[in-house]
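What follows is each chain in one-letter form.
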Amino acid sequence: MYKVVKRRQLADIITLLEVEAPEVAKKAQPGEFVIVRQNEESERIPLTIMDFNRDKGTITIVIQEVGYSSNLITRMQEGDSFVTFVGPLGQATEIENYGTVLCIGGGVGVAPVHPIARGLKEAGNKVISILGARTKDLLILEDEMRAVSDEVIITTDDGTYGMKGFVTHGIQSVLDQGIKVDAIWAIGPVVMMKSVANFTRPLGIKTIVSMNPVMVDGTGMCGACRLDVGGETKFACVDGPEFDGHKVDFDLAMKRSAFFKNEEAVAYGKVKCQCAKEGK
Amino acid sequence: MASKAPRHDMPCQDPIVRGKNFSEVALGYTVETAAEEAKRCIQCKKPKCVEGCPVGVDIPQFINKIAEGEHLEAASILKGKNTLPAICGRVCPQESQCEAQCILGVKGEPVAIGRLERFAADYEMANGTSKLEKATPSGKKVAVIGAGPAGLTCAAELARKGHAVTVLEALHVAGGVLMYGIPEFRLPKAIVQKEINSLKDMGVEILVNQVVGKVTSVQELLANGYDAVFIGTGAGLPYFMKIPGENYNGVYSANEFLTRSNLMKAYDFPNHATPIKVGEQVAVLGGGNVAMDAARTALRLGAKDVYIVYRRSMTELPARVEEVHHAEEEGIQFKILTNPIAINGDENGNVKSMTCLKYELGEPDASGRRRPVAIEGSEFDLPVQTVVVSIGQGPNPLVTTTTAGLELNKWGNIVADETTMATSIPGVYAGGDIVTGAATVILAMGAGKTAAASIDAYLMTN
Ligand SMILES: Cc1cc2nc3c(=O)[nH]c(=O)nc-3n(C[C@H](O)[C@H](O)[C@H](O)COP(=O)(O)OP(=O)(O)OC[C@H]3O[C@@H](n4cnc5c(N)ncnc54)[C@H](O)[C@@H]3O)c2cc1C
Ligand SMILES: Cc1cc2nc3c(=O)[nH]c(=O)nc-3n(C[C@H](O)[C@H](O)[C@H](O)COP(=O)(O)OP(=O)(O)OC[C@H]3O[C@@H](n4cnc5c(N)ncnc54)[C@H](O)[C@@H]3O)c2cc1C
Ligand code: SF4
Ligand code: SF4
Ligand code: FES
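Residue numbers (numbering that gives the first Met the number 0), protein chains in the order written: chain S, 0 to 279; chain G, 0 to 461.
All the given hints hold, so there is nothing to weed out.
Over 12 Å on every C-beta distance to chain S, these chain G residues come out as not near it, computed from the model:
(1) Gly27
(2) Ala125
(3) Glu378
Under the rule of at most 30 Å between Cα atoms (straight-line distance), these lysine-lysine pairs were calculated in the BS3-like manner:
(4) S:Lys233 to G:Lys276
(5) S:Lys260 to G:Lys276
(6) G:Lys351 to S:Lys193
(7) G:Lys276 to G:Lys351
(8) G:Lys303 to S:Lys254
(9) S:Lys254 to G:Lys276
(10) G:Lys351 to S:Lys246
(11) S:Lys205 to G:Lys241
(12) S:Lys2 to G:Lys264
(13) G:Lys193 to S:Lys2
(14) S:Lys26 to G:Lys140
Only some residues are given here: those of chain S computed to face chain G with a beta carbon under 8 Å:
(15) Glu22
(16) Glu40
(17) Ser68
(18) Thr83
(19) Gly222
(20) Lys254
For the record, the hints were derived by calculation from the structure and aren't laboratory data.
Note that the structure is a prediction, hence the values are computed from the model and not measured.
No residue lacks a Cβ here, since even glycine has one placed at the ideal position from N, Cα and C.
Could you build all of it, start to finish, from the sequences and the hints given here?
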């Protein structure tokens, strides 16, 4: 069993959980993910590895409540256990010394960017991080990101903290300082990754995004996670989840993740009314 | 003479009723029918049927025990050669194996060997007290990768020899295709789990949630105290048609479709949280067992019209005769000599139809089957909202691509010696679909058994 040993509420609907999973912790690398099931009736859902502690044998995940399964997980308390916690899965980030890199995280996407920024910093890069959130209260892991970055730029859609605007405004401000950017990692909502990729494509800056399609097994067996990358079908779970942002068909990816919307609403409705009954 | 009696039919759920439930279709022989069917066997001195069985089950012997009413004896004879008789009795392509060779088949109908096998195995599960013979420990450790029929059989055989066996399985339950692929209505999952539990009782350790190639590797297993490794990772990589529109919403691989329904129990949504969605019209591409399973599952999930879309004719369908027959009874529509060239979607990216071409049979091709040739101008649109692609699977790549020095063929299957199942790495053996490409349960089991014998010999000399 995979026990939650630490829980921290990062924002209203964003929760950090540190989970005992010694075998996963032994091998985990930045960019990889796990697939979890909360209980025996749960679906298998993918979550990025935000941090790993090989000595303690733990993996840290950060999860945002968007529906039924994420709700179950954000409600877990210290001492509760997952029935499935399998990983590490996917291809690790290609960490090397690129020069100056931007690590961009939008919303809950700041969490998966954290180990990548740390890895890139350790490899000798100058790391400038751009953290985006809708509003100040939804900004997460600022201190953790400062600890692994040379510079941190914050953007909020409503201007309640940092620069007012989107993460692309953050990129522009870096370029305006005359800084030459060698590579960019951008992780967040698909629309955000799409706009970053569109912004950097004409500039020719290498831009890596981490895709989050619907998954089932996470081992290349089902094809649920397929994406169109440069005209070729790729399986995000084994070929990714990181891909060249200039080649990903984001519109298709967005349509595909909306496929089960109605069913998800049914499941979410079920848990909501249960919570209401329990007075939560 | 007993052999003049006609072969006894398998009692089945009514086609209309069963099209709406996931309970097993074939109900199994009663004790009386089993005895009568068993008496049809003329107990050949040189039984041809045995030659048709890939694991050489002692067919006349076990059938004789059923005729005598010694059902537990019959089951134990079966288990001498076949660790999973309740499963094989249900899913073996008997008509092309043991029953194809039965002498009674020359002039009439063969003995229903598979049905009798199922009967004896079920009887034992219901009434038997499985006696565990724990072998004396050999002090040797073997790791088995993949808990499908190949891996499970290999593990059982090795445990019988006293070796300590650990099975590493990527999914959260053991069983491989038996759990995620073959539907409940054809192979109840409780039966698979009972068979797996009896392995655990024999002392086999089964660890789930272990993706070898990621969490550990073949080399690490060998370095960390395992004396030998068996790879039985199967053919789980789904192929797609490579036609336009294949990534639209509503296009599933058969693996995804069946995994959602079987393994994740999406048919019980929302009690089980994994969703599945089928339209009123469903096209299943392909003509094998997997396609039949997908089509019949779609029907049970509420589809109105389910089409099998297949390029050749009915006689070339690779699926088992019984499965095609069951599918037809349930109202699955066969659109043969038809092949899709594009899948069309609406503005939200949801499938709305499939553009197909009609075919006719031309000259025989390399395989000896008549080559389907497209008829010019035969293009038509088939309205469907769901497409299940079921045109075959390739080898699972996670182990093969992370094991240096492991010889593969041009399709990516592991190269293993046919008689020993040894791979290019000493102490590493492989068998089942990962070696042969998608085949059958019994062939995978046969390979697991052969490998276990070679591993035992290897362990005793090294
Ligand atoms: C490789 C990978 C890593 C991920 N890492 C994280 C992570 O670290 N933290 C985190 O909070 N989430 C992460 N996700 C997304 C997470 O898996 C989904 O949010 C979760 O499966 C939603 O389940 P649910 O039942 O709560 O919501 P659902 O009811 O399934 O969905 C609710 C809403 O979210 C949308 N949605 C569903 N699945 C996804 C998805 N995969 N991506 C985007 N939108 C989706 C639906 O269209 C729907 O509108 C990751 C996904 C992938 C593929
Ligand atoms: C829908 C369907 C219907 C079928 N119907 C029939 C039938 O009626 N009769 C018949 O005889 N045959 C049938 N078959 C074929 C039969 O099921 C297979 O030939 C057989 O299961 C192969 O056994 P295997 O042990 O080689 O592989 P599998 O059963 O595929 O098992 C392989 C196991 O290895 C695991 N694995 C893979 N990669 C890793 C990894 N990296 N680490 C750890 N574990 C891993 C997988 O999760 C899986 O559990 C059918 C197949 C399908 C898909
Ligand atoms: S294992 Fe299969 S082939 Fe062998 S006797 Fe049984 S049903 Fe026939
Ligand atoms: S060939 Fe047929 S009749 Fe002869 S032993 Fe086998 S099952 Fe019986
Ligand atoms: S999640 Fe099944 S293939 Fe990627």
